[in-house]
Amino acid sequence: MINRFAGTAIVVLALAAPAVANAQGVPGGIERGAREGERAAGPVGAVVGGTIGGVVGGVAGILGVDDRPQFRHYVVEQRHPSYRYRDEVRVGVVLPSDGVTYYEVPDRFGRASEYRYTIVNDRTVLVDPRTRKVVEIIE
84 MINRFAGTAI VVLALAAPAV ANAQGVPGGI ERGAREGERA AGPVGAVVGG
134 TIGGVVGGVA GILGVDDRPQ FRHYVVEQRH PSYRYRDEVR VGVVLPSDGV
184 TYYEVPDRFG RASEYRYTIV NDRTVLVDPR TRKVVEIIE
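First residue of the sequence shown: 84, per the working numbering; consecutive thereafter.
Just so you know, these hints were derived from the structure itself, not from any lab. Every value quoted in this text rests on a predicted model; they were computed, and no experiment measured them. Please note: incorrect hints may appear among the correct ones.
[Stated by the list, open to error] Cut-off 25 Å, straight-line C-alpha distance, at most; resulting in silico cross-link-like pairs (SDA-like, lysine to any residue):
{"no.": "1", "residue 1": "Lys216", "residue 2": "Asp150"}
{"no.": "2", "residue 1": "Lys216", "residue 2": "Asp181"}
{"no.": "3", "residue 1": "Lys216", "residue 2": "Phe192"}
{"no.": "4", "residue 1": "Lys216", "residue 2": "Arg155"}
{"no.": "5", "residue 1": "Lys216", "residue 2": "Ser196"}
{"no.": "6", "residue 1": "Lys216", "residue 2": "Arg122"}
{"no.": "7", "residue 1": "Lys216", "residue 2": "Arg151"}
{"no.": "8", "residue 1": "Lys216", "residue 2": "Arg191"}
{"no.": "9", "residue 1": "Lys216", "residue 2": "Pro126"}
Use the sequences and the hints to build the structure in full.
Dropping the structure here:
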């Protein structure tokens, strides 16, 4: 049983990884990985593919690997001040409504333009404009 599961996981990984590599962010990676995994290996493949997709999606993020250097360059050119936040800056933190300035992400950065960015504790972050929740930290 364990050997069969391991074999299935390897097959799913081989088939699903290229597909989920194009997914945007963790939720998109999970969804697409589960779909591709289930197609390749049934219910077990869906579980394995969803897990792998979430990891790959988390690495790619909302902005995407190829756009990160250009976006960092863009942000540096804008010379916006950094907001001082007293707690750790991490994904999921909801930033205050007062004192933080949120900037539009140019359309050339694709899906990321749905979000706003700001600089918090000298780190550039993407923020959901409706909730002010940090959705990605741009390193």
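**OP:** Sort out whether Phe192 lies within 25 Å of Lys216, counting only the CA atoms.
**Re:** holds, 19 Å
**OP:** For the pair supplied as a hint, Lys216 and Arg191, confirm whether the alpha-carbon distance does not exceed 25 Å.
**Re:** Holds - the C-alpha atoms of Arg191 and Lys216 are around 22 Å apart, at most 25 Å.
Original post:
Is it true that the CA of Lys216 sits at most 25 Å from the CA of Asp181?
Top reply: Measuring from Cα to Cα gives roughly 14 Å; hence the hint holds.
Original post:
Does the alpha-carbon distance linking Lys216 and Asp150 stay inside the 25 Å limit?
Top reply: Judged against 25 Å, a Cα distance of about 21 Å means the pair holds.
Original post:
Holds or violated: are the alpha carbons of Lys216 and Ser196 at most 25 Å from each other?
Top reply: holds, 15 Å
Original post:
Taking only the CA atoms, is the gap from Lys216 to Arg151 under or equal to 25 Å?
Top reply: Given pair Lys216, Arg151 holds - Cα atoms ~20 Å apart, limit 25 Å.
**OP:** Quickly compare the C-alpha distance for Lys216 and Pro126 to 25 Å and report which way the hint goes.
**Re:** Violated, because 33 Å separates the two Cα atoms, which is more than 25 Å.
**OP:** Mind checking the alpha carbons of Lys216 and Arg122 for me, to see if they're no more than 25 Å apart?
**Re:** This hinted pair is violated, its Cα atoms lying about 34 Å apart.
**OP:** Would you check the hint for Lys216 and Arg155, treating anything up to 25 Å between C-alpha atoms as holding?
**Re:** Holds. Lys216 to Arg155 sits at ~20 Å (cutoff 25 Å).
In this structure, the hints that do not hold are numbers 6 and 9, in rising order.
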